[in-house]
Amino acid sequence: MNKGLRVITFEGVTKRYPDGTVAVDNLSLDVPDGSVTVFVGPSGCGKTTSLRMINRMIDATEGRIRLDGRDVKEIEPATLRRGIGYVIQQAGLFPHRRIVDNVATVPYLLGWDKKKARARAMELLERVGLDVKLAERYPFQLSGGQQQRVGVARALAADPPVLLMDEPFSAVDPIVRMSLQDELLRLQSELHKTIVFVTHDIDEAIKLGDRVAVMRVGGRLAQLSDPATLLRDPADDFVREFLGRDRGIRRLSFIPARSVRLSPPPADLVVEDGRPVGWQSGDGLQPYGSFDPETDSLRAALDAMLLSPNGLAVAVDGHGKVLGVAARDALDAALPGAADG
Amino acid sequence: MGDEPLVRWDWIARNWDNGTPYAIKALLEDHTVMAFLPVVFGLLIALPLGLACARWRVLYQPTTGLMNVIYSLPSLALFSILLSVTGLTRTTVIIPLTLFSLAVLIPAVVDGMTSVPDHVRQSAVAMGFRPLRRLLQVELPIAVPVVLAGLRVATVSSISLVSVGALIGQGGLGYLFIDGWQRQFPTPIVVGIALVTLLALVADLALILIQRWLTPWARARRAA
Ligand SMILES: Nc1ncnc2c1ncn2[C@@H]1O[C@H](COP(=O)(O)OP(=O)(O)OP(=O)(O)O)[C@@H](O)[C@H]1O
Ligand SMILES: [Mg+2]
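Note that the protein sequences, when read in sequence, are chains A and B. For the first sequence, numbering that gives the first Met the number 0 begins at 0 and goes up steadily by one. For the second sequence, numbering that gives the first Met the number 0 begins at 0 and goes up steadily by one.
The hints are simulated quantities; they were obtained by calculation from the structure and are not laboratory data. The structure presented is a predicted model; accordingly, all values stated were derived computationally and were not measured. We put the CB at the ideal spot given by N, CA and C, even for glycine. Incorrect hints may have been included.
[As the list claims (entries may be wrong)] Once the Cα atoms are required to be at most 20 Å apart in a straight line, the calculated SDA-like pairs of lysine to any residue come out as: (1) A:Lys-113 x B:Arg-133; (2) A:Lys-113 x A:Glu-125; (3) A:Lys-114 x B:Gln-136.
[To be verified] Label-pair ranges, simulated between beta-carbon atoms: (4) A:Glu-10 x B:Ile-44: 31 to 39 Å; (5) B:Ile-44 x A:Leu-133: 49 to 57 Å; (6) A:Lys-113 x B:Pro-116: 46 to 54 Å; (7) A:Asp-181 x B:Leu-204: 26 to 34 Å; (8) A:Thr-20 x B:Thr-113: 44 to 52 Å; (9) A:Lys-113 x B:Thr-113: 29 to 37 Å.
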């Protein structure tokens, strides 16, 4: 495991721009080793400013930011930045360099030889789920989602222990965004980086964060909690409002569907080759909703119930084979015991 | 000009390479050199000035203002000022043409630097480029298409402007215009026009090819 710069600490950090704007006001928080901390809040609340003070693209006016105990102001900026991965919304790829060379940017800066840097880049392209055939292309020949993956690969190239991500998935469509988020979670489960992730999308914050820092305009921290606590106990009206409606429903995302009791599938569920096809109804088939009890949450189970005409969610295993069905009362039964999970 | 044919091929054949400084071939060579040197000098001067203007925006307005004043000066006026210093030499032509090319090239360098998307510059900073390396490896390469577009304009106009130097005996193919006019003989004029045009076309084509070769990544922008 990489033993480099690790824990990030904000100690009473304030940023006042020359025009007097206070973008961040007396921010104190810890970003623990190997975790994802999400800064979330409305536009202009100082998320980007907070992030950029970590790698000194912006210098704090007051207070201190420490990386593994060391004041970042004591570290020469370029050296500091080469040890911190950075991903931004528009990917920020170099249009004049091929994908593989884009990914190898920091290794080149660190003076790796070209062959080693490129080999590392190829490895990372695969890691982030890109076809290695794209390596010799230029950025304009890639879709937005692919460019964003390259951006992530580039940030990871020199294996920095810390990763800063500023709304990295905001510019892609919702489906691609979802797959990029899943990919990030998968990568993080392998790499255990210390990640600071900025977004204005509370759902993204809740999905990705081990901890969520909700900020309000004026650059003040409103609440710092894990997502389940945030949804259960918003600190004040601002946070409650920012979380939006459906807090109850969204909390279901944090409860595994494993505990849902399944019943044998009824006769009107049409099954072919072990897989569900639809509900028999009169002369036609009605759509069905399904969930995987091993990997999905209660929210997915509830969603599956709502999608089926008869309120029954079809439980399937990892290969899509029918395990049984779950009715509403099975969900109710799963709730109380799991409510604190 | 009476029954004189527009082009007398035998005159061209005789004067193509007749050993005098006024042979068509010699004039073509002169013209090429005198057209390109100002663009080369112009680029060498415009790069640092343009970079400075892009870096310190306050410099940009005064600089372009000055350049436009120079650009609006009649070339004859410039020649006569310079004559007293540099005499009837190529330098007297090359200096004004260099100044003219700056009026195109400085804005081209500034626009080129402006064409670097902010998020690209920011991500270069974030990855740990120091300023000089960022300039050489990120900003300048991305500015190349815009700078080359300016270079094409500067080259073509320089090629056409050289002819004016014929008024002080240093105008490359421009000599043919004066010669033809004085003798009421159209062939040199036609040859002069044809060769200046051809030179401009060839130079422009060469620059287009250089651009293709240097910036394969800019194809999307070209198509757009
Ligand atoms: N260079 C600057 N000079 C003056 N004020 C600035 C500057 N950069 C940002 N600000 C101000 O500081 C505040 C915080 O800006 P910041 O970019 O950190 O917000 P953000 O939370 O990232 O917003 P968004 O979600 O819109 O990206 C805003 O009020 C912004 O207008
Ligand atoms: Mg921002």
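Checked hints:
1. A:Lys-113 x B:Arg-133: 18 Å, holds
2. A:Lys-113 x A:Glu-125: 19 Å, holds
3. A:Lys-114 x B:Gln-136: The hint holds at about 19 Å.
4. A:Glu-10 x B:Ile-44: 31 to 39 Å: Roughly 50 Å apart at Cβ, these two residues miss the hinted range, so it is violated.
5. B:Ile-44 x A:Leu-133: 49 to 57 Å: Violated, at about 41 Å.
6. A:Lys-113 x B:Pro-116: 46 to 54 Å: 26 Å, violated
7. A:Asp-181 x B:Leu-204: 26 to 34 Å: Check failed, 51 Å falls outside 26 to 34 Å.
8. A:Thr-20 x B:Thr-113: 44 to 52 Å: 25 Å, violated
9. A:Lys-113 x B:Thr-113: 29 to 37 Å: 31 Å, holds
Consistency with the previously given hints fails for numbers 4, 5, 6, 7, 8, ordered from lowest to highest.
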